[in-house]
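J.: Listed below, chain by chain, are the residues.
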Amino acid sequence: MYRFQHEISRPLNSSIFIILGFLFILDLYAPLGISVWIFYFIPIVISFFSLQPNLPFLVTFLISIFLFLGFKLSPLGIEESVAIINRSLALISFLGIAIVGNIFIRNQLQSKKHNWLITGQNKLNSQMAGDLVLTELSNKILRFLVDYLEAKIGIIYINDREIFRHMSTYGVSVNAVLLDTIHAEDGLIGQASKDNRPIFLSEIPNDYLKIGSSLGKSSPRHLVIYPFVLNNKTNCIVELGFFNFHAQSTTDLLDFVSRSIASAVQAAQTHLQVHELLIETQRQSEELHSYSEELDKQSETLKLSNAQLEQHQKTVETANRQLKEQSRILISQNESLINANLALELQKQKLTQISRYKSEFLANMSHELRTPLNSSIILAHLLAENREENLTDLQLKYAQTIENSSNELLALINDILDLSKIEAGHMTVLPQNVNILEFVDSMEAVFQPMCAQKGLHFRKEIADGLPQNFITDPIRLGQIIKNLLSNAIKFTETGEVALSVTTAPDVHIAFIVSDTGIGISVEQQSLIFEPFIQVDGALNRKNGGTGLGLSICIELIRLLKGKINLQSRLEQGSIFTVLLPEVLDMPQLQPDLELTPAISSRTGNSGLLPAAAEISFDRAVLNISEFPEHPQLPQNEPIILIVEDNPGFARSTLELANSFGFRGIIAATSEEAVNHLHPHTPSLIIMNGKFKDDVKDSLFAADDLEIPLQLLTANDYSSNDLSDDTREYFLKPFIHQKLMADFHRLQMKTREKLAHVLIIEDDPIERTMMSVLLNSKKIETIEVGSVPECLEQLAKGTFDCMILDLGLPTTSGFSLLETLSMEDRYSFPPVIIYTGLGLTADQELFLNKFSQSIIIKGTKSPERLLDEIMLFLESTGSFVADRNTTGQVNDLAVDVSLEGRHLLIVEDDIRNIFALTSILEPRGATIQVARNGMDGLEALQTSLDGGEQSIDLVLMDIMMPKMDGLTAIRKIRQQSAFKDIPIIALTAKARQIDHDETLAAGANDYISKPLDTNKFIPLLAKWLK
Amino acid sequence: MSTREDIEVDLFLEGVYRHYHYDFRNYSRTFIKRRLNLIKTLLQCESFSMLQHQILHDPHLMTKILNYLTIQVGDMFRDPGYFLSLRHIISSYLSTYSSIKVWIAGCGTGEELYSLAILFREEGLESRAQFFATDINFEALKRAEAGIYAVDRLESFENNYRHTDPKHSFSSYYTIKNNYAVFDSALKENTVFYNHSLVSDSVFAEMHLISCRNVLIYFDNSLQERAIGLFSDALIRKGFLGLGAKESLYLSPHAGNFTEFQRKDRIYQKMALQELPLPRVRGHIKL
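Chains as they are written, first to last, in my numbering: chain A, 413 to 1437; chain B, 5 to 291.
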């Protein structure tokens, strides 16, 4: 029951009953038939204005009694049955009116109740308006609730992180014990929050909270605990105590406003949190600021330390520089040392050379000297014979003296010549079997008489255990022993001279010549073997001889690979011991073992070269130009120096050089490499990397000479799996190409006029400039100024390249290109466009079809022109293929015919267009190109309008200017005519997500760049079926 | 032995790659770690694993993080010397080509693109040039396409521009609206903005000039190698490659395909195929 229902309007009720009574009396006095009772409707209608829905029924009930009593008690008027009918009908009508009244009152009540709630809500809202702090808000809420619901006491709790904190109270006694906080599951408050349902209590215990006033305290009789819930969460609980409790209206109101209260509390809480956060943010911002300051400071410090570091670095750099300087000095010292060494070596070589020249000269003199001497000896001899007996004794003596002197002179000359011969290396050695016994006997036969003449004893001695024979050169051996024996006899006055033969260690035979002569002092012992030195000049003069004997001996012994020893004491005698090997080897060359196979395989010889002695000087250096393959190579051809100690490697490289017509020299060591840098400087050095440092450091000093150097390593070669003897080495393909490129470049460089270029340019100044430019690079040019002249030239002959200016008089360059591409009469060399015109995209596409390169005139265009031509000529046409390599046309594995198919390529990049065209056109497809999405759409549209061939398939690039591929595909698919046309997207993207996007846009398939023909062609075939 | 942190970083990058297809796995590890540490602190995550959890469940977070992982620092005409050299290259070398394609790889928010576009316009080659501006960050690409920059950055832009031998007044290239400088939209008329990843995607067209500045420094070696390989493939012979001030081809295996055109500005020129490198011994032969 609402409280206003109880406010029964007494005057209304009384007036109803008064009217009822009045009408009843009137009815009683009126006879039947006079329908006074009809006015009974008035009280019923009046009852409508009360707020009691049952009042109309009550009134109607009273009326029915009055009607019945009136019928019974009224005086008779009309017929009774009619009266009954009338009154019954009236009663039914009244009942109807009462029902209407009931409904009316109910509605009235309902709207009143609603008004009440709305008013309450409005009041509350006006209370809660504005940004209120939580305590303020809760105060206002509580005050409102208590006021509006006529509660006597109230407490409000706010949920603060699952703990309910009491925020404000109303009418609570000051000394009441109140819990500040209540846990979410504690007591009734907790229960209410847990259940999200209000709790009503009527039987309140006496010790419950008291409502306090100055007059006393009292406990409330009814209690409501109501949770306010938002999003299933209780964020506020109100406890209200009543003396008079209207349960329905209270709950209705609380229910009605619960949402707005909960929201308001929530908002206030959020507000609070935002506020807190704001403070936090400010704090953080400050912190950040300080942090930034800190960073600045750090940066400052860093700068400082950086500066220090730089300083330090500078110091280090200085030190470094000093070190470098020192090291440079060291290196230069080292270099000068090496140079000095080299100079010394050279000097030494020179000296040896001179000495050899001298010896050679002397050796050659032999004939010249001896011929006149011999004739003077013979003539003196003839004179001394004095056959005609016409000479005086004195004259005879003179003649004899001349003969003797001449003989001595001859002996002397012979000695000198012998020594020279040996030193000049002209003395040959011929090992033979020598019988020792026979040899000693032959010596005895010669020297025994000489000893006897001088009164000396000659003794021979042959030890046991000697072999009968040994191998040496008997003539040279004889010379040696004779020399020693004659010396011994010469310097011995008394006693004996002996020749004994014994064995010696290391398979040697010792020939010992001893005497009991004057001996040789220790100081002089080292001198006696030197040529032209005589121990005692005076002695010699007495004994004669040249003093060359021992020198000759030593040289001879060296030839026989022997050694000589001397033991001697003054006045006691000397012992010369000659040690000779039992078997004298032929003095053989020992050519470089490693290089021998290489030589033999080239020459077909058995490994020994004829000029063996010379090889021993120039051992491993082979001048390949002497090989029969390239005997006629002219001298001024470039030389390739190959520094490589593996003959197999060297050979494979050399063969490559030869195939280019180059002479090659192989050096197996860095020293040899050095030798071959003069007098003809090689044009290219191909060197095993391991020699690099030697050559670089010691041979090349900074100067202006440049020799291209190509370094190789063992890894650059491969070999076939044959045995070591027959194994061949090959350069690996990459290196092979690299070297080919080098050789090619060298070839270009050495050629006189390397290319013929046709220049088509109408401006004579420009024309001359271009020809001068090209001629400077040894390119031969023919210049023409118009298309007819050009055609004339092209009909006459071929060119390596033509340079075409587009802006020509009468006929343009474009039509010239068209003519050339169609007519076979003219040769069609590769074209470089050289123009001052800006080009449209279409023109560019057209030109790209026929030309290698387009150059727009500008400051750097001559440079680029030259560059392009050189590059083009050097690559000898491979440039043309270059464009096509992306799309291997001759890939038979995927040979699918596209005959009669018309494809639209929507692509911006010329390189890609060429790649695609070169794949598609050879397979019979016709191609239409659009340079962006917009043009692509247009092309499709035109094909639809019947103007062009219909398009079978679209290849769509994604990244294009103006309109990109994805948009274009979407637009194509929007037109019903192109719903089913196959579209293949060309994409540089690799991620699945990108591919999905392409397909989602409407492409049938996609293929990644760069194109793989093996995948691309089957893909095309699939979609062209 | 990898530390727990390393494993976490690996897993994080792998997760990001598998879920969002952003491949940072081959970015410079120290850079990635530094950045992830920053992000970790910002998102108040205790570990990279927690960060991984958050990122995999919150796509919006990925967009944010992407801005941290791709550094969008750009000044117009940054390192004026570089642009001065490019101006020379554009006017002398690139002007001899009938159409010129320029790829700005890792264009970020577009400052470099507009700088180049201005150079091409001033050298009278705007109509012949076609720009490709690519980046992996969609948001950055959008901003690049918009070409709108805060007014307070203009001073620095103009300062740099002044050192590039300018032909016009810098202010003629933009209009000011609400504290923002809106660059002349005609500058980007010949530009295609694309999402392209140097990590996974391939070459899309033949280029005359590639400018890729301060991108390689965030890559590890293998990725740098890949990227430079792409550039090498994309460039025409004698085409130009410009790198950032701290980058060089010095240690790259592709270095042999390039010559140093302007060493101090890190501008390289691709060699023709026939010009394979041949070391030359300079020197006079001594015996």
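Hints may contain errors.
Claimed, not checked - Pairs of lysine to any residue residues, derived as SDA-like cross-links and limited to a Cα-Cα distance of at most 25 Å, are as follows:
no. : chain 1 : residue 1 : chain 2 : residue 2
1   : A       : K1190     : B       : K242
2   : A       : K1272     : B       : K268
3   : B       : K68       : A       : K1190
4   : A       : K1261     : A       : T1180
5   : A       : K894      : A       : S818
6   : A       : K1269     : B       : E149
7   : A       : K1391     : A       : N1416
8   : A       : K525      : A       : F469
9   : A       : K1189     : B       : K268
10  : A       : K1427     : B       : R230
11  : B       : K68       : B       : S96
Don't read these hints as lab results, they were simulated from the structure.
J.: Now tell me, hint by hint, if it's right for this structure.
T.: Hints, verified against the model:
About 23 Å separates the Cα atoms of K1190 of chain A and K242 of chain B, which keeps this hinted pair within 25 Å; it holds. Among the hinted pairs, K1272 of chain A with K268 of chain B is consistent with the structure: their alpha-carbon atoms are about 22 Å apart, no more than 25 Å. Only pairs whose Cα atoms come within 25 Å are accepted, and K68 of chain B paired with K1190 of chain A is rejected, the gap being roughly 63 Å. The suggested pairing of K1261 of chain A with T1180 of chain A is violated, with an alpha-carbon distance near 28 Å, which exceeds 25 Å.
Between K894 of chain A and S818 of chain A the CA atoms are separated by roughly 22 Å; this keeps the pair inside 25 Å, and the hint holds. Distance restraint check for K1269 of chain A and E149 of chain B: the Cα-Cα separation of roughly 33 Å exceeds the 25 Å cut-off, and the hinted pair is therefore not satisfied. For the hint linking K1391 of chain A to N1416 of chain A, the alpha-carbon distance of about 11 Å falls within 25 Å, and the restraint holds. As the CA atoms of K525 of chain A and F469 of chain A are separated by approximately 22 Å, the hinted pair is consistent with the 25 Å bound.
As the CA atoms of K1189 of chain A and K268 of chain B are separated by approximately 32 Å, the hinted pair breaks the 25 Å bound. A distance of roughly 23 Å separates the Cα atoms of K1427 of chain A and R230 of chain B; the hinted pair therefore holds under the 25 Å criterion. Between K68 of chain B and S96 of chain B the alpha-carbon distance is near 43 Å, which puts this suggested pair outside the 25 Å criterion.
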